[in-house]
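*Asks:* Protein chains in written order, with my numbering: chain A, 1 to 434; chain B, 1 to 434; chain C, 1 to 434; chain D, 1 to 434.
Calculated from the structure, these hints are not laboratory results.
Note that this is a predicted model, so its numbers are computed, not measured.
Glycine residues also receive a C-beta, built at the ideal position from the N, C-alpha and C atoms.
Hints should not be assumed to be uniformly reliable.
[To be verified] Ranges of calculated distance between the beta carbons of each label pair, as one might list FRET restraints:
#1 A:ASP168 / B:LYS337: 57 to 67 Å
#2 A:SER21 / B:ASP168: 28 to 38 Å
#3 B:LEU37 / C:ARG61: 31 to 41 Å
#4 B:SER258 / A:SER327: 56 to 66 Å
#5 B:LYS58 / A:SER327: 37 to 47 Å
#6 C:LYS371 / A:SER327: 29 to 39 Å
#7 A:ARG202 / B:ASP168: 17 to 27 Å
#8 B:ASP205 / A:GLY433: 17 to 27 Å
#9 A:ASP168 / B:ILE85: 38 to 48 Å
[What the hints assert, rightly or not] To spell it out: a stretch of chain C is covered by chain D in this simulated footprint if at least three of its residues, at any positions, have a beta carbon under 8 Å from a beta carbon of chain D; those stretches are:
#10 43-56
#11 134-143
#12 162-169
#13 340-350
#14 416-422
There are 4 protein chains.
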Amino acid sequence: MIARYSRPEMAAIWEEENKLSIWLKIEILACEGRHKLLGEIPARDLAVIRKRASFSVKRCREIEERTNHDVIAFLENVAEYVGKIPARHIHQGLTSSDLLDSTLAVQMRQSADILIRDVKDLRQAIARRAREFKRTPMMGRSHGVHAEPITFGLKMALMYDEFGRALDRLKTAREIASVGKISGAVGTHAHLDPRVEAYVCRQLDLRAAPVSTQIVQRDIHADFMSALAITAASIERWATEFRHLQRTEVLEAEEYFSAGQKGSSAMPHKRNPITGERLCGLARVIRGNLVATLENVALWHERDISHSSVERVTLPDSCILLDYMLSLLTRLVDRLKVYPENMQRNLARSKGLYHSQQVLLALTEKGLPRKEAYELVQQCAMAAWRDTGADGFKEHLLRHPRIPELFNQREINRLFDDSPHYRCVDYTFKKAGL
Amino acid sequence: MIARYSRPEMAAIWEEENKLSIWLKIEILACEGRHKLLGEIPARDLAVIRKRASFSVKRCREIEERTNHDVIAFLENVAEYVGKIPARHIHQGLTSSDLLDSTLAVQMRQSADILIRDVKDLRQAIARRAREFKRTPMMGRSHGVHAEPITFGLKMALMYDEFGRALDRLKTAREIASVGKISGAVGTHAHLDPRVEAYVCRQLDLRAAPVSTQIVQRDIHADFMSALAITAASIERWATEFRHLQRTEVLEAEEYFSAGQKGSSAMPHKRNPITGERLCGLARVIRGNLVATLENVALWHERDISHSSVERVTLPDSCILLDYMLSLLTRLVDRLKVYPENMQRNLARSKGLYHSQQVLLALTEKGLPRKEAYELVQQCAMAAWRDTGADGFKEHLLRHPRIPELFNQREINRLFDDSPHYRCVDYTFKKAGL
Amino acid sequence: MIARYSRPEMAAIWEEENKLSIWLKIEILACEGRHKLLGEIPARDLAVIRKRASFSVKRCREIEERTNHDVIAFLENVAEYVGKIPARHIHQGLTSSDLLDSTLAVQMRQSADILIRDVKDLRQAIARRAREFKRTPMMGRSHGVHAEPITFGLKMALMYDEFGRALDRLKTAREIASVGKISGAVGTHAHLDPRVEAYVCRQLDLRAAPVSTQIVQRDIHADFMSALAITAASIERWATEFRHLQRTEVLEAEEYFSAGQKGSSAMPHKRNPITGERLCGLARVIRGNLVATLENVALWHERDISHSSVERVTLPDSCILLDYMLSLLTRLVDRLKVYPENMQRNLARSKGLYHSQQVLLALTEKGLPRKEAYELVQQCAMAAWRDTGADGFKEHLLRHPRIPELFNQREINRLFDDSPHYRCVDYTFKKAGL
Amino acid sequence: MIARYSRPEMAAIWEEENKLSIWLKIEILACEGRHKLLGEIPARDLAVIRKRASFSVKRCREIEERTNHDVIAFLENVAEYVGKIPARHIHQGLTSSDLLDSTLAVQMRQSADILIRDVKDLRQAIARRAREFKRTPMMGRSHGVHAEPITFGLKMALMYDEFGRALDRLKTAREIASVGKISGAVGTHAHLDPRVEAYVCRQLDLRAAPVSTQIVQRDIHADFMSALAITAASIERWATEFRHLQRTEVLEAEEYFSAGQKGSSAMPHKRNPITGERLCGLARVIRGNLVATLENVALWHERDISHSSVERVTLPDSCILLDYMLSLLTRLVDRLKVYPENMQRNLARSKGLYHSQQVLLALTEKGLPRKEAYELVQQCAMAAWRDTGADGFKEHLLRHPRIPELFNQREINRLFDDSPHYRCVDYTFKKAGL
């Protein structure tokens, strides 16, 4: 992934250095396991391995130029550190994918740990803003059209709840992906006792795959990627929300805009929701990566390696992007400028039409058939909407002959009371765990 | 979905009749809830509603022609059965999506129930074949190239394990999707006490969404679809396996071919793995549907309805296809013709090369550095492979000057012993729960 | 595809009746070709075939139940009409896919013809509205934020131009897809002279594939589907535009809303852009279908049939959906309610900030370095934007000490002149072919 | 894209250096155009600009740290070279996207040029191998099952033809993508005469977009990406072919394997089709990128910038990958080891069953109804297939009572003549342009 969209901690997980460190750890653990459980490696040799085993990314690359095989290059390099005699023990009974796939599992788990922390940070930011604007009224919109009032706090509570699901999803993905294997070339443990697999995986905090081939099966990685892509889609959903709120005509919220920043090379007055837009774009990239990863499931027989080139690109890229996106969204939420007065202004624009449902219900309670009540309300609503003057829904409704027949003044006031829309705010916050 | 790929039980879940039945159930439950919890509907009216409430798919369609709105058409139709006076109570305080989304949740759960049962049936079939061929040797292949022996039972155990994950995945998806909402137009419960939502959802065996807008948030449906798509990918993986095994040159297994069936209009001798091929194709269709469904997450504000046209197509189609695919795969596995003699023949083709790893390990145990051992083995392996005569790896190895120096006859026999490849079969079956 | 999203003419192309008609046509043409070019079928038999050859969809289905092969069923049914003796000649030297793939090409071409006509109709509607509002000013928006003025006519001209590309794309796709083949089981013409292929294809207005296997290669169908998906994405782009314009706060245009229509079961005042939303959703479905179809390219050897189940679903569905979408968009454009007065109101909201670029340019022409000019303009723009009173950009600018130094009154007036924004309308219309 | 899958020439197109060079070129051209056509910039200033205008990637990055806007940073940097006074003229009337989108068009065209050359190189390699094995018989396979013979040359001719379509597709994409724009912030040419746009685009060998907004419309980029993805799918199709041919049981062709190369860290004898597998994987990545790019079409109003983060990743990555893939496939084809003797061996395995169609046709010519003939042939074919001895289809057929009745010896010989399968090789090569 390009530097622009990478954060160092996550990027480091996917760098050669980290990968080879885990490889080395696995090789040493396998030696330990063989020594402890099978009595196979002399204690002296094991001590040498433990002490001296090391690698150099640069040297591995040099050797790979010649061997055209990364694991063999690595083993030759490790042997250079350890010495020929003890080095014989290393990788005995293992196949390359024992290293690769167990390591990939560790990398996915390490990534998941960061992503989980990211989501927790995000939720903290959301929670703070939710409480801050718990009772700040704003218009609720369906189809982009005014519907009935909500509060900005409720909107944030929804977001908080959605990222609660993201948290669960990433935790589940972390568990699903934590599967290693040391079962040899076709998964039969032909050359190494399965107790060694159990030992190594336990030390790495992985489950050993109950059955494996040369590799861990790729439905597991598809599950992992799908958790990333759906979480990215939730980010997109909320980035879209904030982009909408920043539209000039709406302007109920705005991304933070620093003093020195320039919005447009041509139009100096512009302040654009570019963070939200970037997030929307990157969600598409991860979605595309999911498509590629899903096609990796159907490999041939005991493995074909077509998944490898995909995973070299899509797994790091998606982890790095999602980490970046989560941090960006956290900052966006954290510093979001919220304009309650504009929310009020937009509410007012609606000319009281959002009371129509209340009126509809009151009419049916008064005994009007639903269909008739609906038509009465719609007729007054449309008239108010077309009215270019000051008269709103209330005024037009009161002019309708049936209304004074049916309602007294106190009842009419109640028809246009805003409070029912906000009465469940506490209830909802509690259900959301806020 | 076209009839060719539909099974009646699953198709029925997604038919108008079932959808409207659930709508009706929800409307009645909402009335009950309001009566019981809020004291809002006279007992007499509720009794009438319970007794008479009904609908006709045909009549609903007629009314929809006029109203251009399906829920309003439904309500008018129900009112025709119930009578105007009691009908006033129906749908009071609800919004269309309260019906639609809670119903969709019920339909997803009903579908998941069938899919879960399908996977269980499939696993039973797999388990039977796994045990049947537990110790039937065959070649294990990586990259489509002979690697080391496995047994056909181990292959089936792997499949059994993979569909165990599918089972877990579908169960999780079932839980995630079981979310309803009766929270009104923008999720504020403005016109209906949330206790009614809690009541209705509980009766439908759904959780009530802690926070909602006009709708249940679409990351939930994306989770559901992703479970279907990944399960479909696992089916594709195994369909690909069986297609490979049926290749003329391999022919270790074959789809059942009935007496009357015709394989080709032009070539009467052909028996083609068309079931496997069909499964591979349909997995692509579901994968495409996932892509569409993932784009539904980022809706506008308190909802936009762009997800609706997608879900009308992709949710039923994917559930119906996956049910069909699972049943097809079960039948394929159940009736699969397995040819152990051909497996034996293909093993023999390998000229003993699959012993190379054993030899390599033995050489390093004898003290050869790994690199030198590797080159010795590779050299003999290549010579055996190029040899068009009867001499295999063993013969070529024995000709190498170092071998007699290092190994006595008993040791040489052990180098070419097949049993290590099969020694963990019991262990693996146990770990797979077979 | 479900009836809700199907139009009869396009649906008919993909029905069994049409498919079998083309099959029959091909079989008869092949007989004709063999008679004319190879002298192989007695004139009398050919006459009988021409006269009597027919089929019944129902009867074909009955036979297929037994044979489990659709082409064989069809041939048996045709033989029932033609009689055994002449029927011998039919399908001689052909393979099923000679029929299937040539027929699919005809169906794609027939579909493309409808889609091309649809796009032409759409462009006519767009052209009419473009001319109608050629000089109607409205705000241009980037990032959803006010930028500089355009006219609604220019917006429509852009749309007209985009669907001009759609037209070219569909015409190209039509040509690419018009490829048939009668080359037998593996494409070698082993049993039928290639002159017959040339004859049949010419009669069907298809090119004969220069090289084929059992089938026509699937990159061709991917090209076709990609043309559909990109066209659908253009529809989505414009549906999104109209949805935005209908937002309550913007309300510069609105989908036609009939007198009897009901917008919401709960909120009688609502008028929602449901057509636009539906179009956005359906674009996703076609996009998903493209993903599935792209995976059909990599078939095995001289063909595997995994593409077939995909194409049975995605090709008809996508053609039917796109036809429906184009017609829906045409109607949307045709009847769109446009509100120039609201466009004017929104322009006014911008407080003259859209003149900032003009001022910036004038300042640099007066000799200010770009950076300094930019900062001056940005400062005044921000002040105007924050000003809750009546003062706009002009007022704030005039207060800046540098302005009276640099500009006389006439120059200042020119800075705030709207006409430059509209001066190229004629030019652009001409370039767009309007 | 990671270095492993990048080639320097293509990578350079997408590096900062090249991008900024094109930016600079456009800025200078715009100044020239304004001078020549509008008489707006003093000749002396223009001369200075032409002479001194330059940039430094490093310095631009430094400035961007502060401005948070890449184009503004670039302009400040260029001004440092040119000097404040002449620098005033630069970018006058342009908007950032005038630079960005015109530059992107140039980059896409440059990339297309390389890809077109790559495909031509590939086709040369294919043509050479096609001619080399023009008449080398091999088994044709449908469904992975033996069908009828072809030649390896015919297979290569098919590949040659498919990449002929790829060539056309990339050429078309090159033309479609060659669209620039210098039309300002919302496409109205408000601050710069469109003659300058025409001039600049002509000099860059681009068409000027007839209508534009702030940007060039994204259906154009979707067209471009779709050409890449479909071409990648064709690569996948052929990589799959070669992987199949290298299966141990088939082994009719094999990727070149150098002397020092190691196929497996555990199994020294293995030679795996890793190039083909890598190509299959990378095709998935590009396919995923297409999905992301298709979602860029539906931007908001006169532009939103969500496409930008996608294109920063998917456009360079896909161009770089496709270039790499084409070169890899060229090398694969060029050095492919082909084993005609194994092709012969596999043909023989079929026991003559591939003559069944010939026999079927001959039987119907002798007057047997098609159905009866089919059953006779199928019966003998099945018997031969089940026969574990030496008797093939011919032997079983001759035992059938009807055969000697119907055919004399010469006719029988003709039934089992291979030559019809190869008789159209010349014809097909000619049609393929070989």
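*Asks:* All hints, please: hold or fail.
*Replies:* We went through each hint and held it up to the structure:
1. Taking 57 to 67 Å as the suggested C-beta distance range, the pair ASP168 of chain A and LYS337 of chain B does not conform, at roughly 44 Å.
2. Taking 28 to 38 Å as the suggested C-beta distance range, the pair SER21 of chain A and ASP168 of chain B conforms, at roughly 32 Å.
3. Range check, LEU37 of chain B to ARG61 of chain C: about 54 Å between beta-carbon atoms, so the 31 to 41 Å window is missed.
4. At roughly 60 Å, the beta carbons of SER258 of chain B and SER327 of chain A sit within the given window of 56 to 66 Å.
5. Distance hint check: the CB atoms of LYS58 of chain B and SER327 of chain A are about 55 Å apart, inconsistent with the given range 37 to 47 Å.
6. For the hinted restraint 29 to 39 Å between LYS371 of chain C and SER327 of chain A, the CB-CB distance of approximately 31 Å keeps it satisfied.
7. Checking the proposed 17 to 27 Å range against ARG202 of chain A and ASP168 of chain B shows it holds: the Cβ atoms sit about 22 Å from each other.
8. Separated by about 23 Å at the C-beta atoms, ASP205 of chain B and GLY433 of chain A satisfy the suggested range of 17 to 27 Å.
9. Range check, ASP168 of chain A to ILE85 of chain B: about 47 Å between beta-carbon atoms, so the 38 to 48 Å window is met.
10. Requiring three or more residues with a Cβ within less than 8 Å of a Cβ of chain D, the coverage given for the stretch 43-56 of chain C is violated, as only 0 such residues are present.
11. Interface restraint, the stretch 134-143 of chain C with chain D: holds (4 residues with C-beta to C-beta distance below 8 Å; minimum three).
12. For the stretch 162-169 of chain C, the assignment as covered by chain D holds, since 4 residues bring a beta-carbon within under 8 Å of that chain's beta-carbons and 3 suffice.
13. Residues of the stretch 340-350 of chain C lying with their CB closer than 8 Å to a CB of chain D number 0, which falls below the three-residue condition for coverage.
14. Remark: the stretch 416-422 of chain C is confirmed as covered by chain D, as 3 of its residues place a Cβ nearer than 8 Å to a Cβ of that chain, reaching the required three.
In summary, the numbered hints that this structure violates are 1, 3, 5, 10 and 13.
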